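Straight run, no breaks: the sequence shown in this note's numbering ends on number 390.
Simulated from the structure, these hints should not be mistaken for laboratory data.
None of these values were measured; they are calculated from a predicted model.
Keep in mind that a hint or two might mislead.
The calculated label-pair distances, taken between Cβ atoms and stated as ranges, are [claimed, not checked]: (1) 65 to 90: 30 to 40 Å; (2) 163 to 315: 52 to 62 Å; (3) 135 to 219: 22 to 32 Å; (4) 313 to 251: 20 to 30 Å; (5) 219 to 168: 30 to 40 Å; (6) 66 to 200: 31 to 41 Å; (7) 109 to 312: 33 to 43 Å; (8) 200 to 291: 23 to 33 Å; (9) 316 to 291: 12 to 22 Å.
Here a beta-carbon is modelled for each residue, glycine too, at the ideal position from N, C-alpha and C.
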Amino acid sequence: MKKGIIIMVFFFSLFLSACGGNNQNEAKSPQEEASPNQRLEQRESEPGQPKIQDVNPSETKHGKTQIETIGFLEPIDEKKAAEEVKNVGKHLSYVAFFSYRVKEDGSLHPIKDEAALEQTRKSGATPMMVLTNFTEGNFSADIAHKIFTDKATSKKLIQSVLDTMKSKGYKALNIDFEHIRAEDRELYNGFLETILPKVRDAGYTVSTALAPKTSDEQSGPWHGAHDYKRHGELADFVVLMTYEWGWSGGPPRAVSPIPEVREVLDYATSVIPSEKIVMGAPLYGYDWTLPYKKGGEFAKRVSPQEAADLAVKEKVEVEFDNKSQAPHFNYKDDKGKEHEVWFENEQSMQAKFNLAKDYKLRGIAYWVLGQEFPQNWTLLEDQFEIKKVK
């Protein structure tokens with residue numbers, strides 16, 4: 001799966017001055033009052049154009065819908081991971097530990113997850129084990145192919161997964177195999193047909209992660225091997241990775257633009273029941289150095305709070321793009337270099353929540369925990385009843 005906490009109340013003035021919301025993914029605690037010089041004025045990118053969605057959370061009354069929420073966690077720093085779960089675990093149905101990486105022989109790379117697992121259980125969330133073909137900084141098509149074609153290796157992997165889930169206390173499994181050869185599509189389906197029933201029979205919930213597709217014909221290493229219809233039939237639910245249109249190595253744009261997300265949902269709901277679909281949502285944005293050059297400097301990942309604070313520091317206006325339903329701004333750094341920042345705020349997250357309601361989805365999955373955005377959690381609790389699963 002490719003790849004907050006106090007945002008100032010200036011965000012409330014932000015959406016009051018320009019018709020809606022603020023920081024997308026991490027709303028959780030009440031905001032403190034900001035002084036006048038901390039105020040950000042938000043204006044539309046295309047003056048005079050009609051809004052695609054009216055998503056001002058402060059001016060709309062919402063009925064609560066029950067959903068499941070997943071927060072993906074990278075427990076690189078065990079102490080910080082546990083602290084993050086302590087902060088936001090109460091808002092989550094599952095904490096998904098990213099990731100247990102498959103070795104070529106079918107064994108697993110261990111992770112330091114004990115402290116965060118303990119905190120997950122204390123928070124009332126369900127621990128989810130994430131299984132990936134990630135190795136040496138990228139997803140490995142070769143490792144995936146070996147697992148799919150070597151019966152002894154596949155058998156060893158399945159047993160390793162079951163043993164780890166039992167010993168660590170995981171209650172759910174998510175299989176996130178990416179960058180698979182398109183010609184391995186049926187082999188991947190066959191692997192899922194073997195592992196998912198075994199894990200489910202052991203008493204665990206099973207799910208898969210899917211790249212964002214708009215048709216079954218969409219191919220290539222990121223999309224071709226992901227069979228939406230078959231995954232929907234085999235898994236208890238699927239997680240759509242509906243983000244990274246704007247990515248660190250690409251040109252500046254919204255990470256999770258609403259029109260593109262809607263196209264993915266249109267296709268997904270045509271082949272998978274909506275109650276089995278969890279929509280991905282980013283808890284981050286990117287800061288690009290301009291001019292963008294393909295193959296040049298990668299954009300820096302920023303949390304919604306970091307982005308908002310940066311806009312205040314640089315005394316620049318935050319604009320809201322009505323087409324993508326995302327905030328953005330430009331600034332110059334200390335060396336005079338121009339930057340463009342796209343991120344998430346309450347208004348952009350409200351647009352995503354609206355999609356979850358409109359399509360009657362099972363829930364929302366956040367990539368990735370540890371990015372400061374307290375407003376997301378407050379907005380989430382205001383909109384939905386979070387289902388705790390056992």
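A quick look at each hint next to the structure:
Here the CB-CB span from residue 65 to residue 90 is close to 18 Å, at odds with the stated 30 to 40 Å. Taking the beta carbon of each, residue 163 and residue 315 are about 56 Å apart, inside 52 to 62 Å as hinted. About 23 Å separates the C-beta atoms of residue 135 and residue 219, a value consistent with the hinted range of 22 to 32 Å. The hinted range of 20 to 30 Å is satisfied by residue 313 and residue 251, whose Cβ atoms lie roughly 25 Å apart.
Between residue 219 and residue 168 the Cβ separation comes to about 36 Å, which falls inside the hinted range of 30 to 40 Å. At roughly 23 Å, the beta-carbon separation of residue 66 and residue 200 lies outside the given 31 to 41 Å, and the hint is violated. Under the hint 33 to 43 Å, the C-beta atoms of residue 109 and residue 312, about 41 Å apart, fit the expected range. Roughly 51 Å separates the CB atoms of residue 200 and residue 291, a value that falls outside the hinted 23 to 33 Å.
Separation of residue 316 from residue 291 is about 18 Å and conforms to the stated range, judged on CB atoms against 12 to 22 Å.
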